[in-house]
Amino acid sequence: MASYREIGRLGARRRRPYCGRPILQQNFGRLQKRGQPRTRPRQTSAHSGQYLNARDAIRAALEALRAADVENSEHEARWMLAAIMKIPPSQLFSDIEIPTTALATLDDFAARRAQGEPIQLILGEWEFFGRRFYMEKGVFIPRPETEGLVELVLTRLQDKAELCGLEVGVGSGAICVSLLCESPKLTMFGTDISARALALTRKNAELNGVADRLELIAQEKITDNTFDFILSNPPYLLSSEMDSLPREVQFDPPEALDGGADGLDIIRQIAETARVLLTNNGFVAMEIHENMAEPTVKIFADGGFTAETFSDIFGKDRYIFAERR
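Counting from 340, one number per residue, gives the positions in the sequence shown under our numbering.
Hints in this document: simulated from the structure, not taken from any laboratory.
Mixed in with the good hints there might be a few duds.
[Unchecked claim] Computed cross-link-like contacts, BS3-like style, restricted to lysine-lysine with a CA-CA straight-line distance of at most 25 Å:
| hint | residue 1 | residue 2 |
| --- | --- | --- |
| 1 | K425 | K476 |
| 2 | K425 | K542 |
| 3 | K637 | K655 |
| 4 | K499 | K524 |
| 5 | K524 | K542 |
| 6 | K542 | K476 |
Just need the whole structure built from these sequences, with the hints factored in.
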């Protein structure tokens, strides 16, 4: 097994909640600096009748999140308020006065988060590989370990001529859009069984300025194309694991998680399809279940590929790279 260098914030558990940081719009006007006299009347909370500044508002939200055992609660309380105020968290000074309407929205956000709703869905956007992506309910939320898959593919694309790749199961488009942003000569096709996912991928491709190099197609229509590489973050949880998912993960669509009885159903399909769709010396790159490296390598080896696995920062077998012989 090859050792893979540290890539961003790679996770130890599959399909866990994302604990990264949000992208917030920059430069939304000037804020009242510390020590300056107040120029607006103090706002009051609809619940307590008392004025709240940013410090007090964050403290109130933090109590609700901690009571619900939300991980990373201190950062998330600040991120939520910053998003509501449309300013970067770094500019959310403790003495900023918070309007009553913003306090009500923060109460709503904190209540939703305390019930397990992922912060990505609450805010409606998140960062992946240093770029902003829209997030929507019903579409799989990309995890930080998947940034390692992007980095792995980029190392294989260095100094290559113009290539065409296929992503199977685009979800939000985080993977293919990130690759297109990093590789100006690259073109990509993307498929998904979810019309909502395809629509969100198109939206994120437009947001990041690469829609002209991405073609989204129905999954059953990919047999007429050939590709230099295929990549995927497929469903690879065992069906038996689906009943014990963390509450945040339960917001992901089941079809993006359930890989069948042994977690390998979709991986087998991709390996079989790759033999037909790949050009000579083409490759497959995938994220895999940390406990399924050996059987995944065997699937590709039996299909005529030379395969090896790569580990994440915690030493977990997380990625497979399979090259067509």
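Here's how the hints hold up against the structure:
no. : hint           : result
1   : K425 with K476 : holds, 22 Å
2   : K425 with K542 : holds, 21 Å
3   : K637 with K655 : holds, 18 Å
4   : K499 with K524 : holds, 9 Å
5   : K524 with K542 : holds, 21 Å
6   : K542 with K476 : holds, 14 Å
Hint compliance for this structure: no hint is broken.
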